[in-house]
Amino acid sequence: MNKEIEKLLFNPLRLKIVSFLMTVETCNFKALIDVTNATKGNLSTQLKNLNDKGLIKIDKYFQKSYPTTDYSITSEGKKQFEIFFLQLQSYKTYVKKN
Amino acid sequence: MTKEEQLSIINDAIQNAKYNLKPLGFNFIFWGVLIISMSLFQYFFHQIVQFSYYSSTIYWVLFPLLGIVYTTYYNIKTRKTIGYETILGRVIKIIWGVFSFSWIGIIIISLLNNVNPVQNILFVLGMTLMMSGLIIKFNKITLGGLLLIIFTVYTYFVPDLNFLLVNVVGITFGMLIPGFALYLQKKDE
Numbered sequence: 000m001n002k003e004i005e006k007l008l009f010n011p012l013r014l015k016i017v018s019f020l021m022t023v024e025t026c027n028f029k030a031l032i033d034v035t036n037a038t039k040g041n042l043s044t045q046l047k048n049l050n051d052k053g054l055i056k057i058d059k060y061f062q063k064s065y066p067t068t069d070y071s072i073t074s075e076g077k078k079q080f081e082i083f084f085l086q087l088q089s090y091k092t093y094v095k096k097n
Numbered sequence: 000m001t002k003e004e005q006l007s008i009i010n011d012a013i014q015n016a017k018y019n020l021k022p023l024g025f026n027f028i029f030w031g032v033l034i035i036s037m038s039l040f041q042y043f044f045h046q047i048v049q050f051s052y053y054s055s056t057i058y059w060v061l062f063p064l065l066g067i068v069y070t071t072y073y074n075i076k077t078r079k080t081i082g083y084e085t086i087l088g089r090v091i092k093i094i095w096g097v098f099s100f101s102w103i104g105i106i107i108i109s110l111l112n113n114v115n116p117v118q119n120i121l122f123v124l125g126m127t128l129m130m131s132g133l134i135i136k137f138n139k140i141t142l143g144g145l146l147l148i149i150f151t152v153y154t155y156f157v158p159d160l161n162f163l164l165v166n167v168v169g170i171t172f173g174m175l176i177p178g179f180a181l182y183l184q185k186k187d188e
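As they're listed, the protein sequences go chains A and B. Going by numbering that gives the first Met the number 0, the letters in the first sequence line up with residues 0 to 97, in that order. Going by numbering that gives the first Met the number 0, the letters in the second sequence line up with residues 0 to 188, in that order.
Careful, some of the hints might be misleading.
Derived pair list, reagent style DSS-like, types lysine-lysine, alpha-carbon separation capped at 30 Å [to be verified]:
(1) Lys17/B x Lys52/A
(2) Lys92/B x Lys77/A
(3) Lys78/A x Lys59/A
Don't read these hints as lab results, they were simulated from the structure.
I would like the entire structure built from these sequences, with the hints used as guidance.
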């Protein structure tokens with residue numbers, strides 16, 4: 000697995016965001032605040048980081064004159080999360096065996 | 000952060016993304032009440048609904064179309080309030096979207112062939128309900144859909160049935176009762 004991505008997902012908030020986005024099609028900022036309990040500023044920063052690395056997609060558009068933002072995971076994000084999760088699972092199996 | 004903590008974070012985040020069953024239950028109740036009311040109204044006041052050759056067709060196209068507009072608005076509003084759409088929610092949305100197109104198709108084909116569309120609509124509705132029930136793992140919806148299919152097949156072998164009463168019985172057991180069960184369900188999927 001890409002060390003940079005592993006380091007990125009080592010942060011609890013970023014891991015929470017990516018895990019949640021893995022299970023939903025799209026979500027808005029408010030839902031992410033509810034799920035992560037993070038502050039707006041911190042959440043925005045981490046979302047930008049994940050977007051810069053190509054793990055998540057940010058769609059900004061206007062709905063009835065109000066700016067709206069939707070977040071979703073990219074196919075690269077899905078792939079990287081699956082690798083990350085498989086590594087965790089294999090670790091769990093290893094611990095159980097020993 | 001340990002591996003166990005990472006797994007715990009992933010698990011918690013997945014648990015947060017539950018598909019809210021209440022709006023789907025509301026949709027079933029809304030359509031159940033609408034179709035049953037329309038059927039009963041036509042049954043008791045047929046002279047009003049059937050005052051001309053096309054009035055009954057207009058009646059059965061106009062009100063369900065208004066219903067589609069309202070439920071689409073309701074579902075968009077609900078999606079905004081919840082703030083996210085699960086994969087399960089998207090699957091259910093697609094299934095019912097396809098059903099709406101099938102409904103329009105059946106109406107047009109039936110009009111062209113001058114046949115009553117009720118049985119065909121109920122059959123497709125039963126199939127869609129059964130699929131929804133199986134997908135969200137809610138047995139009452141699956142059973143409701145199955146009952147509706149069996150009931151519709153039965154009506155094909157019984158001549159001279161009043162299709163308005165067929166509608167009332169089929170929709171009550173196939174949609175309204177399972178819809179209430181779903182609406183009152185506390186657990187989300």
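These are the hints, each one checked on the structure:
no.	hint	verdict
1	Lys17/B x Lys52/A	27 Å, holds
2	Lys92/B x Lys77/A	23 Å, holds
3	Lys78/A x Lys59/A	24 Å, holds
Hint check: no violations occur; every hint is consistent with the structure.
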